[in-house]
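**Student:** Next come the chains, spelled out residue by residue.
Protein chains: 2
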Amino acid sequence: MRYVLGIDIGGTNVVVGSVAEDGSALHALGSEPTHAEAGQRDVLDRIIALAKHTIAKTSEEVPGADIIGVGVGAPGPLDTKSGVVLLTPNLGWVNLPLRQIIHERLGLPAALDNDANCAVLGEWWMGAARGTRNAIGITIGTGIGGGIIIDGKLFHGASDCAGEIGHTTIDTEGRHCKCGNYGCLEAYASGPNIALRAVEEIKAGAVSRLASYVGGDLGQITAQTVYQAAHDGDDLALEVVNDTAKFLGAGIANLVNVFNPEVVVVCGGVTLAGDHLFVPLRREVARRAFKPAVSVCRIVPCELTGTAGVYGAAKVFLDRAATAARKGSGAAGRAVR
Amino acid sequence: MRYVLGIDIGGTNVVVGSVAEDGSALHALGSEPTHAEAGQRDVLDRIIALAKHTIAKTSEEVPGADIIGVGVGAPGPLDTKSGVVLLTPNLGWVNLPLRQIIHERLGLPAALDNDANCAVLGEWWMGAARGTRNAIGITIGTGIGGGIIIDGKLFHGASDCAGEIGHTTIDTEGRHCKCGNYGCLEAYASGPNIALRAVEEIKAGAVSRLASYVGGDLGQITAQTVYQAAHDGDDLALEVVNDTAKFLGAGIANLVNVFNPEVVVVCGGVTLAGDHLFVPLRREVARRAFKPAVSVCRIVPCELTGTAGVYGAAKVFLDRAATAARKGSGAAGRAVR
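Line order of the protein sequences matches chains A and B. Residue 226 in my numbering sits at position 226 of the first sequence, and the numbers go up by one each step. Residue 1254 in my numbering sits at position 254 of the second sequence, and the numbers go up by one each step.
Keep in mind that the hints were calculated from the coordinates and are not lab data. Some hints here could point you the wrong way.
So, partial list: chain A residues that the calculated Cβ filter (under 8 Å) puts toward chain B [claimed, not checked]:
1. A49
2. I165
3. H167
4. A286
5. F290
6. E303
Pair by pair, the computed Cβ-Cβ distance ranges are [as the list claims (entries may be wrong)]:
7. A:G131 to B:V1296: 50 to 60 Å
8. A:V279 to B:P1033: 25 to 35 Å
9. A:D151 to B:V1296: 50 to 60 Å
10. B:G1215 to A:E173: 32 to 42 Å
Derived EDC-like pairs: lysine to aspartate or glutamate, alpha-carbon spacing no greater than 20 Å straight-line [stated by the list, open to error]:
11. A:K153 to A:D22
12. B:K1081 to A:D151
13. A:K81 to B:D1151
14. A:K291 to B:D1079
15. B:K1246 to A:D22
What you are looking at is a predicted structure, and each value in this text was computed from that prediction instead of being measured. All C-beta atoms in this analysis are idealised placements derived from N, C-alpha and C, irrespective of residue type, glycine included.
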């Protein structure tokens, strides 16, 4: 069986695994802390070491396994054609020719794409969006990202920026966002902003048991704390989750109106809120979006928790290699090297 | 030379013309009031009469012209595959097999698409978006519609609803919209709502010469009145146009962030406001959207005023016929009949 190494580089962890060419198996899954603060060289060394370890372990688990290439998902913005990461504030990388580095140090052909794109492609290939032609994925963590699948292919747009869902405006004069604007979806529904809205309410006098989850230190409240408290029936936490559903619902309704997809996959820790989130979220989308578009669109949590990015990175390599084989050594061919 | 009849059915007028297969010429352009109030049968009779007149006139203008088919743009929602208009509140049509009717009464193969899609495809083919791969068009009139071109093809989504830009939310608790929701782009920036915002300001005491354009009858103020007054330097009209630019800018920034297109074409009477609109509009998009996406995206007024829908309807027919020829008698083949 032929395998592709999938490398998912995040601000907190790097995850690597070997994915069977047909997606039927994932071997030698491993993870390391990214430790961005240790510097670019150190982070790259750690990624390469983990990749080599994964390759060796794959050969142990599947004797004779043929690893044909590497797909890499990294925070953007990046240039998929040249394989260069333009800027990653979280990792401190600027104009890093990541695909070339991975290719040279592992001796395998490589392809690069955005981390959110990889996660969404993974969910489309082997997860919650499989079997569809047109899908949208939203990744909710420290920030909010997204990816768009059209006709079974990642849609990149004119400059690899398509899917910047986190900075779509849902309220022209709303909450201030890290990006400098007001009313971005991310300013309401990212993990840190979900926690922040809860803390703001407590400081404004709302009654809640949330503080007791963190020994009274409100600065320790995270989005996960809010989901836990919501499960435990805390009124404020339930309200914050419900408001999150409304904000996300407005953002997703916009996507449903514009893209008319078959499925919207919601990825990230926010899915821990379960039905407390998804029931009002689906209601809000149904209220805001065009009925004939709502009626054909499922809104579902991700299925490949922790591995969607690895599956997707591997699939990016496979798709690019197939395009390169079809088109020869032209522009598409150069996207794999 | 081979020609395709383009029929653009609007709530106010029906426009018909013969478009050369390569888009190089438009002959026998004609228009009739729709008179929706006269009833479905009467409207259809008038469309067919105009179409037959156009065919005869084309033969006069271009002896030997070969008319190979008909493209029809109609208000939606509609089903492009079956050629049925599902519901058009403005015309009172419900489940009307429009493609079949046009086909039978003209004796020509026909294809059907949404009117906004046709206008945007026309601008992509022969107007402001020509030469691009990915483009978005926004049509601003009584309502706000839109169309999306991906890889040189209209993108329809899962149920022919893609491009419902008018009902994307820009303010979750904003102005009430006809659709029942709050804060839709259309509730701010459609023609009637541009006029309404001006009237609201006047009633609230704003000083303006706008009333003098309509003999003091505020109910007669239209968006066109506002653009005229803005050109004449009226402060309130300039403020209303400037606010329109901000609202449209938020909506367009969302599209730029999500689609990363090469061009956004703005169609409709609103382009009459000229630089009073486009200068602050581009500034607002640049302020709100992701820089690498903004830097590759032009925001321009339409070029084919009054004929984009005719060009686009003809192009819809040509594209469907080409797909049908390639795929044979399958699903795509059935979209032209």
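**Student:** Confirm or reject each hint.
**Tutor:** Consistency of the hints with the structure:
1. A49: Interface hint status for A49 of chain A: violated (32 Å vs cutoff 8 Å).
2. I165: holds (6 Å)
3. H167: OK, holds: H167 of chain A within 8 Å of chain B, min 5 Å.
4. A286: Since the shortest Cβ distance to chain B is 11 Å, the answer is violated.
5. F290: holds (5 Å)
6. E303: violated (20 Å)
7. A:G131 to B:V1296: 50 to 60 Å: Between G131 of chain A and V1296 of chain B, where Cβ atoms are some 33 Å apart, the hint is violated.
8. A:V279 to B:P1033: 25 to 35 Å: Roughly 49 Å apart at Cβ, these two residues miss the hinted range, so it is violated.
9. A:D151 to B:V1296: 50 to 60 Å: Violated: the Cβ-Cβ distance is about 22 Å, outside 50 to 60 Å.
10. B:G1215 to A:E173: 32 to 42 Å: Hint holds: Cβ distance 36 Å, inside 32 to 42 Å.
11. A:K153 to A:D22: Judged against 20 Å, a Cα distance of about 16 Å means the pair holds.
12. B:K1081 to A:D151: holds (17 Å)
13. A:K81 to B:D1151: holds (17 Å)
14. A:K291 to B:D1079: holds (14 Å)
15. B:K1246 to A:D22: Distance of about 48 Å is beyond 20 Å: violated.
This entry does not satisfy hints 1, 4, 6, 7, 8, 9 and 15, going by the numbered hints stated previously.
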